[in-house]
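Visitor: Position in the sequence shown counted from 1, then plus 449, gives you this note's numbering.
In short, the hints are calculated from the structure, not lab data.
This one's a predicted model, so the numbers in the text were calculated from it and none came from an experiment.
Any given hint could be a false lead.
As the list claims (entries may be wrong) - Listed next, with one range per pair, are the computed distances between beta-carbon atoms: (1) G616 / G584: 25 to 31 Å; (2) A574 / L518: 22 to 28 Å; (3) G625 / G506: 21 to 27 Å; (4) V536 / G506: 21 to 27 Å; (5) G625 / H465: 30 to 36 Å; (6) G457 / L518: 20 to 26 Å.
Virtual Cβ for every residue (Gly too), placed ideally from N, Cα, C.
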Amino acid sequence: MLSAADVGRTIARMAHQIIEKTALDSADGPRVVLLGIPTRGTTLAERLAERIEVFSGVRPPLGSLDITLYRDDLRNKPHRPLERTLVPEGGIDDALVVLVDDVLFSGRTVRSALDALRDLGRPRAVQLAVLIDRGHRELPLRADYVGKNVPTARTEDVSVSLTEHDGQDGVSISAGSGARRSDPEEGGSGARRSDPDGNKGVVQ
């Protein structure tokens with residue numbers, strides 16, 4: 450559905466949109482912090498920060514936000530390894546925080562992220578950036594920055610591949626359960642099940 454070149458162009462476009470909407474490169478612009486939701490959301494946040502720096506000369510502070518303990522299905526699912534929450538220097542108080550994830554589906558992952566964010570500080574505002582919005586929302590949430598809107602059936606899987614984890618960039622749709630193999634709430638990135646580099650077992 451999306452080739453490696455498509456993914457690169459999409460991330461670049463999202464970076465331009467973040468610069469324009471937040472005015473982070475202006476003298477009186479807000480302090481913008483990018484927080485990725487592990488695992489691929491963190492990688493996408495890193496790429497967005499790199500592109501934003503190239504286009505604006507400003508590199509936004511970067512961090513990651515583990516949502517494992519804030520999930521609403523925690524009691525009903527097998528043990529999940531903890532990822533790492535990294536808060537950039539200066540924290541998030543009074544900052545404009547942009548949450549970054551790969552796929553937006555039901556919205557439950559985003560709600561968990563908002564709950565986790567509340568325990569870290571009090572940002573000025575929170576925005577959401579996703580590479581793919583596949584629809585089928587169960588909560589009244591929407592993304593501020595969307596790489597591509599992809600109409601899907603609930604029974605389909607959306608898989609986001611990134612070179613850092615999968616050896617190549619790309620997005621594909623396949624018949625399946627309509628959920629990540631490792632995440633029944635959001636539909637995408639089935640390869641997450643075998644991620645070896647999520648700093649598992651560590652939480653801050």
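Visitor: Does each hint fit the structure? Answer for all of them.
Guide: Status of the hints after comparison with the structure:
{"no.": "1", "hint": "G616 / G584: 25 to 31 Å", "verdict": "28 Å, holds"}
{"no.": "2", "hint": "A574 / L518: 22 to 28 Å", "verdict": "24 Å, holds"}
{"no.": "3", "hint": "G625 / G506: 21 to 27 Å", "verdict": "43 Å, violated"}
{"no.": "4", "hint": "V536 / G506: 21 to 27 Å", "verdict": "24 Å, holds"}
{"no.": "5", "hint": "G625 / H465: 30 to 36 Å", "verdict": "33 Å, holds"}
{"no.": "6", "hint": "G457 / L518: 20 to 26 Å", "verdict": "34 Å, violated"}
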